[in-house]
Every structure is written in C-alpha cells, then in structure tokens.
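Peer 1: The primary structure of each chain is shown beneath.
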Amino acid sequence: MKTRVFSVALLLGWLIGLPTWAQSKYLTRSGSITFFSATPIEDIQAVNQQVGAAVDLQSGQVAFTVPMKAFKFPKSLMQEHFNENYVESEKYPKATFSGKLTNWTAASLASSGSQAVQVEGDLTIHGVTKRMKVPGTLEKQGNRLVVKSKFAVAPADYNIEIPLLVRNQIAKSVDVTVSLACDPTF
Amino acid sequence: MPSLLSFRRVVGPLTVAFALAASHAQAQDLLNQLETQTTDSLRREYVTATFKGTRVINGHSIETPGKGSMLFLISHRFGTLNSGAYEFFGLDQATIRLGLEYGLTDRLAVGIGRSSLEKTYDGFVKYKAVRQSSGPRPMPVSITLLATTSVSTLKFQPQPERSTTSRFTYSYQVLLARKFSSNLSVQLMPTLIHRNYVDLRRDENNVYAIGAAGRQKLTKRLALTAEYYYVLPGSTADDYRNSLALGFDIETGGHVFQLHFTNSQGMIEKFFVPQTTGNFFDGDIYFGFNISRAFQLRH
Chain A
1 MKTRVFSVAL LLGWLIGLPT WAQSKYLTRS GSITFFSATP IEDIQAVNQQ
51 VGAAVDLQSG QVAFTVPMKA FKFPKSLMQE HFNENYVESE KYPKATFSGK
101 LTNWTAASLA SSGSQAVQVE GDLTIHGVTK RMKVPGTLEK QGNRLVVKSK
151 FAVAPADYNI EIPLLVRNQI AKSVDVTVSL ACDPTF
Chain B
1001 MPSLLSFRRV VGPLTVAFAL AASHAQAQDL LNQLETQTTD SLRREYVTAT
1051 FKGTRVINGH SIETPGKGSM LFLISHRFGT LNSGAYEFFG LDQATIRLGL
1101 EYGLTDRLAV GIGRSSLEKT YDGFVKYKAV RQSSGPRPMP VSITLLATTS
1151 VSTLKFQPQP ERSTTSRFTY SYQVLLARKF SSNLSVQLMP TLIHRNYVDL
1201 RRDENNVYAI GAAGRQKLTK RLALTAEYYY VLPGSTADDY RNSLALGFDI
1251 ETGGHVFQLH FTNSQGMIEK FFVPQTTGNF FDGDIYFGFN ISRAFQLRH
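Residue numbers (the numbering used here), protein chains in the order written: chain A, 1 to 186; chain B, 1001 to 1299.
Bear in mind the hints are in silico, worked out from the structure with no lab data behind them. Incorrect hints may have been included.
Here are the simulated DSSO-like pairs of lysine-lysine, each with C-alpha atoms no more than 27 Å apart in a straight line [claimed, not checked]:
#, chain 1, residue 1, chain 2, residue 2
1, B, LYS1217, A, LYS94
2, B, LYS1217, A, LYS72
3, A, LYS150, A, LYS140
4, A, LYS72, B, LYS1220
5, A, LYS69, B, LYS1217
6, A, LYS69, A, LYS91
7, B, LYS1155, A, LYS75
8, A, LYS69, A, LYS133
9, A, LYS100, A, LYS75
10, A, LYS172, A, LYS94
11, A, LYS172, B, LYS1220
12, A, LYS75, B, LYS1217
13, B, LYS1155, B, LYS1217
14, A, LYS75, A, LYS140
15, B, LYS1128, A, LYS69
16, A, LYS69, B, LYS1119
A short, non-exhaustive set of chain A residues, derived as facing chain B with CB atoms under 7 Å [said to hold, decoys possible]:
#, residue
17, ARG29
18, SER32
19, LEU57
20, GLN61
21, PRO74
22, SER76
23, GLU80
24, ALA152
25, ALA154
26, LEU165
27, ALA171
All C-beta atoms in this analysis are idealised placements derived from N, C-alpha and C, irrespective of residue type, glycine included.
Could you build all of it, start to finish, from the sequences and the hints given here?
Peer 2: This is how it looks when you write it as structure tokens:
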C-alpha cells in the first residue's frame, strides 16, 4: 500500500513536473546569423538562415549550432573560398556555442519588453574553442522568445588563415549579428 | 578548530567547482539535445569545389561559374621543350586562347573563346545535370553535360574556297566526377568530336574518346592535376597520339593559376582530342598556364 501511494505520487510528480520542465525550453532551427566584414576595399556580408538554437529559461543555458556551409555570400567564389580555404567546412562543418545567461531574471522577462542580458560561454569555430562574453537581448513576443545579439569575432583567434593577396579585403575583426525567434518545445 | 577550518577550505572551492562542472555539463547537454534536434541527415547538401577551375587542364571540369559570375580565362601554351636552345626551349613560341564564360544560373553556363591556333572561334553550353550530394537520397557523382561548337576562320588561300559549314567542328562530352574527399577528385569524360570536313579520305569525321582526370590537393592552396584522353581505336588513334597533361593548380585568393605540361598544343576539344601529335616521352611537351579571373556581374 505504501509503495503504491509512493509510486502514484511519483507518477503525479513526474506528470506535473514534465510540462514545466519542457516549457522552459525554446528552440529554433531557422535562426539567422549575419556576419559583416568592412574594409576600405570591400564590404562582405554573409547570411545564414539555418542556425539551430536552444534557450533554457529555467537554467539559463544557451546553445547554438551553425552549419558553416549554409552561409550565403553575394559572390559564389567568395562562398567557395570561405568553405574551402578559410573555415574548412568539410573538416569543421559546424560552429557551436554553449553558454549561460548572466545578470538575468526569468520573472522580469514576462512583464517588460526587451531585456538586456549577458551570455558567457564557449564559442567553437574552425575547431578552436574560445571563452566569450557577449551582450544580447531577450524578449517574449506572444509565446515566442526573441533573442538578439551583436558581437565581434577575430578570424585570427580561431586559426583562420587569410592569404596575403586578399588580406586587405577581409577585416581583422568581423561583426556578427544573431537574430532568433525560438518556439517553445512541448 | 584547525580541522574545521581546513574542512571549509576544501569544501568551499569543491562546491564551486562542482557547481561549475554541473552547469558546464548542463550547457553541453543542451547543445547535445540541440544537435540531435537539428541533425543534418534531414538536409540535402551539395558537394562544392570538386575542381578548382572550370578546366582540369586542357579540357573542361564539371564546374561552372556560379550564377551571375563572369570568368575571364587566359590559356597559354609555349612551344615544345625539345625544340632546343635556339627556340629557348619553346618559350619563343606561343599559342593562346582568350575566353569568357558566364553563369546564367548556378547550373547553366555559356562561354565563348578564340584560339590563335587556326584562328578558331568557339562557343559552348554547359549544364550541371546531376550534382553530388549528401543527406536524404544522396547522389554519389556529379554529371555535367557539355556541347561545344568551333569554327576555323583561316583563309583558304591556295585551295579553292570551301563551304562555310566545312569550317565547323562540334564536340559533346559527358563529364562524370566524384569528390572522394576534400583532397581527391576524379573525373571521367566520354567524348564525341564531329568534324564536318576532314582533309583525307582515311580521316574520320566522328572521333570517339574517353578521358580520365584527377586532382590531388597537396596543401590547402596547391593541388596536383592530371588529365588523359584515350582515343578509341580507329584511323585517328593510329595517326595521332593520346593527349596527356600534368599540372599544378595554385590558388592565390582572387584567382586560380594553373601551370602544366602537355603534349597537346590546342586548348579546345577539337584540337587536343583528335589532333595531338606530340610524344610526351620524347620531349614534345608544351609548357603552359591558365589564369582565370572572376567578376560578379549580377547577384
């Protein structure tokens, strides 16, 4: 009798616990990341619309996965060079980020509009992992979670080698813009 | 209370370390969950850059310029290496082909060119019919179809004037390639050359050949290339030699620089497939290069 009560309680607890656990997680498979390299000679912009991202509002965990081949460039030759020579997409098909929200409260998210947050975590590009701290904003729009962030990445930090001939055409520091609309997962 | 103090000293940092480790593991967890949710097996991905340029060496590769991209191609062959010091080992002589090719779409391209050899103009249409891909319903090979027309504009001085149609030659190729790894690509090229006019009765109007080519990358920006055309048995195979070419692809960032050695002097199919006379191993080797420069005309 005691064990049955216990197991029913356990089941109830699990049933109640499950949705609250699941609803704190937001996910997208079609987030967008744009990067922009500005030099006096040439401005280069590439857009990726296939960014996978997950945000767990309970634990504050944030994760990204970026298929490198999905970056679209204005010139097809640029895209080939980017994949073949610079980020070596066949060897390192994805860039990932795994981190945690800091100075953030779940409570204020529901009421106020966009909330400024800090994210700290590991960014992996071209097989090289670097600790990063970047600013961003979180906003609830209906039942969606909108995430925005803007930061700079230096290709040299990730052992991305730029040949001498085009070194003046590619910025030392590239601006990265992240824009996601994540749906709750059930 | 020394024991308690030391206990605190140990436990304090330990707790922090555990908490950090746990949060790190959690973050990794979320990333793993995310990666299982966004598996690439659901996404079809086309293989790119099977070859660096639109030519392997003399002949076409499966590649086309991307949509809106215009390629300016300068191909150049010096004289033969065995022509001796008087000809500066071939460097005194030169044949050249200037070409423009344009990608109408990512799969369809057209091009024109002019060879100094026999003052020949040529034009081609090239279509990527099948593209090697991974993901759902993966495709193991790429197939590109190529049709070219060339017209010789040499003046027929001693002879009576021939008809205009006699100046035309056509070639058809099925280019079949597979990129085995990021370093190794291999291509097969069944080829038909149709010549409207041939000089001798024993010469063939239709010449069939099968080509094989490959690329092996040595470093990120340097690759070794090879190309061979085997002319199928017939009078052409008896009278001429098979075309062999060995070379390097050097990528400088803006463009591809191809350096090579070949026993063929011409740079279009009608010349190097049925009209190669040089014996590679006797030193009838033409040193040459191709340079291409891409211009994006439309996005």
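Peer 1: Does each hint hold? Answer for all of them.
Peer 2: Against the structure, the hints come out as follows:
no.: 1; hint: LYS1217(B) x LYS94(A); result: holds, 23 Å
no.: 2; hint: LYS1217(B) x LYS72(A); result: holds, 25 Å
no.: 3; hint: LYS150(A) x LYS140(A); result: holds, 19 Å
no.: 4; hint: LYS72(A) x LYS1220(B); result: holds, 22 Å
no.: 5; hint: LYS69(A) x LYS1217(B); result: holds, 20 Å
no.: 6; hint: LYS69(A) x LYS91(A); result: holds, 11 Å
no.: 7; hint: LYS1155(B) x LYS75(A); result: violated, 42 Å
no.: 8; hint: LYS69(A) x LYS133(A); result: holds, 25 Å
no.: 9; hint: LYS100(A) x LYS75(A); result: violated, 36 Å
no.: 10; hint: LYS172(A) x LYS94(A); result: holds, 21 Å
no.: 11; hint: LYS172(A) x LYS1220(B); result: holds, 21 Å
no.: 12; hint: LYS75(A) x LYS1217(B); result: holds, 24 Å
no.: 13; hint: LYS1155(B) x LYS1217(B); result: violated, 44 Å
no.: 14; hint: LYS75(A) x LYS140(A); result: violated, 36 Å
no.: 15; hint: LYS1128(B) x LYS69(A); result: holds, 20 Å
no.: 16; hint: LYS69(A) x LYS1119(B); result: violated, 43 Å
no.: 17; hint: ARG29; result: holds, 5 Å
no.: 18; hint: SER32; result: violated, 14 Å
no.: 19; hint: LEU57; result: violated, 12 Å
no.: 20; hint: GLN61; result: holds, 4 Å
no.: 21; hint: PRO74; result: holds, 5 Å
no.: 22; hint: SER76; result: holds, 3 Å
no.: 23; hint: GLU80; result: holds, 5 Å
no.: 24; hint: ALA152; result: violated, 22 Å
no.: 25; hint: ALA154; result: violated, 19 Å
no.: 26; hint: LEU165; result: holds, 4 Å
no.: 27; hint: ALA171; result: violated, 15 Å
Of the hints listed earlier, those the structure fails to meet are numbers 7, 9, 13, 14, 16, 18, 19, 24, 25 and 27, in rising order.
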